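Protein chains in written order, with my numbering: chain L, 1 to 304; chain R, 1001 to 1213.
Don't read these hints as lab results, they were simulated from the structure.
None of the values given here were measured: they were computed from a predicted structure.
Fair warning: there could be bad hints in the mix.
[As the list claims (entries may be wrong)] What the simulated footprint calls covered on chain L by chain R, stretch by stretch (three residues with Cβ under 8 Å from a Cβ of chain R suffice, anywhere in the stretch; the number is not a length):
| id | segment |
| --- | --- |
| 1 | 36-49 |
| 2 | 210-220 |
| 3 | 287-294 |
[Stated by the list, open to error] Partner residues aside, some chain L positions facing chain R, computed with beta carbon under 8 Å:
| id | residue |
| --- | --- |
| 4 | Glu28 |
| 5 | Ile65 |
| 6 | Thr116 |
| 7 | Pro175 |
In this text, a Cβ means the ideal position worked out from N, Cα and C, and glycines have one as well.
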Amino acid sequence: MDVNKDSNQKAWLLFLGCAVPYRVSSYEISTRKVLAELDIKLVEMPEYNCCGLPIDPIDHEMMLILAARNLTLAEEKGLNLVVLCPGCAGTLRKVNKKLKESKMLREKINSYLKETGREFKGTIEAKHLLQLLIEDVGLEKIRSAVKKPLFNLQVSEHMGCHVTRPTGAVDFDNPENPEALKKLIEVTGAKYVDYIDKSACCGAPIAGVNDKIPLQLTKEKLIHVKDAGAQALITVCPFCHMMFDTNQPRIERMFNETFKIPVLHYPQLLGLAMGFSSEELNLKGLRVDPTPIISQVSDRAEGK
Amino acid sequence: MSESKPRQKEKVEPEREFTKATSTSSEEPLSDMTKDKTSERRGSETASIKAHEFDPHFKHEISNFHGGEKLKQCFQCGTCTSDCPIARFSDSYRPRSLIRMALLGLKDRVLSSDTLWLCAACFTCTDRCPQDVEVASVIRIFRNIAVKRGVIPQIFKELGSNILENGIAYKIPELRLKKREQTGLPPLPKRNPKALEKLAKETGFLKKLKGSG
Ligand code: SF4
Ligand code: SF4
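From just these sequences and the hints, can you work out the full model?
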């Protein structure tokens, strides 16, 4: 039962969600690489289901049930959840907190879960990858795993709303002045560049209803990122990544702009600093060509 | 929504309009970009309110849901709208207006407004509201009630049915599952859609999806 015994590796249950296995596998590939390097053991999560967020707009109660079911799977294993998608992470954290706090709600949700032989008990935690890196791995440990500091790189972040918002429910970092990803970027040796409206939403969640508004929001952010002189943008959300990376060529065409800003998942950046090759981190899986970044990194290696 | 339409029609009309309004294509000229073709414009949302439209219970109804408790504390400062990323680029989506309409009791207007479905749930408004109104949750409550009236945008029907079929919101093509393993990833964990279907029957979610709301 206790996977943590007899090992200096800490085990976490990996919640993959929907978007990552559907379209954003480089995020998963690079996450697995860097977490193993940091002595985090990932345990697969059979029987998991969608966190519930996509159907919250149509049925809040069903969202609660879907999230709670996932939480019970983790409780059964006695493991905390590490979550790649901020939407899933926010949902699981919020629901976990609500169900732990409200007996009434817990009993109601449990009355449904009982039908499938499950019960929410409130014994585990769910965390987004960033939160795990900051709170459980720690910057010191990450710093000592950096073998090839990325001193030649200058990057910006787009963290994604649900890592920090809504404040009271998620309880991590400060959405008005986020620091988690900044610290994690600086630890790789890369220079961190700030830009206007850094914590503003990219609009991805409504892309299925209206794609124009998200494209405009993303375009605006790319302009700010470019003006700030960043060579790459770092994300930790599969949906934000699709907006900035997958849609970047489309945005360039639509608005007659040229960005060519590679968009890396944070674990890809960290992985480069750890000395993983671009193949190992699946950098070729990115839409916007990351070659300029890779050559910066390898230039340094050769100059050594 | 035109007010002269017979009452029964209101149930189906919003959804049809919704689908029409959102069949966006990238081929459309740029000049149209900032105009989402929703039926309501900002001006007309508050124009010519008829006495019979007021439902004084609506705000209480909303306050009874989780997340709606603080609705009545809104003092219309406009922070939510001015900080809303969607409102920046939409000429019709205004969270403050939706809140105000709800407080006035304009239930039908709120629930049939296409703009309701434009909220990105970024929670900026919820975080910044000086009166602690959970704006994003209030909008989610509006949507949930609209669904009970039979209004479900197509995309949410798809996501919902995918979840019940696959356990997750997307159907992942075989090819991609094979590719996972080629790139050294472990096979995607099995899901248990049967358990979900059972839960969906129990809660009435299944019925909602089928649109019999
Ligand atoms: S920010 Fe809060 S108080 Fe101000 S208009 Fe919006 S809901 Fe009302
Ligand atoms: S949660 Fe919705 S209404 Fe609030 S700021 Fe974000 S998009 Fe606007």
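Evaluation of the provided hints:
1. Here the segment 36-49 of chain L counts 6 residues with a CB under 8 Å from a CB of chain R, which clears the bar of 3, and the coverage holds.
2. Coverage of the segment 210-220 of chain L by chain R holds [criterion: at least 3 residues with CB-CB distance below 8 Å; count 7].
3. For the segment 287-294 of chain L, the assignment as covered by chain R is violated, since 0 residues bring a beta-carbon within under 8 Å of that chain's beta-carbons and 3 are needed.
4. Taken as an interface hint, L:Glu28 checks out: its beta carbon lies about 6 Å from the nearest beta carbon of chain R, inside 8 Å.
5. With 8 Å as the threshold, the beta carbon of L:Ile65 comes within range of chain R, its nearest partner Cβ sitting at about 6 Å, so the hint holds.
6. Hint status for L:Thr116: holds, given a least beta-carbon distance of 5 Å to chain R, under 8 Å.
7. Interface restraint check for L:Pro175: the shortest CB-CB distance to chain R comes to about 6 Å, inside 8 Å, so the restraint holds.
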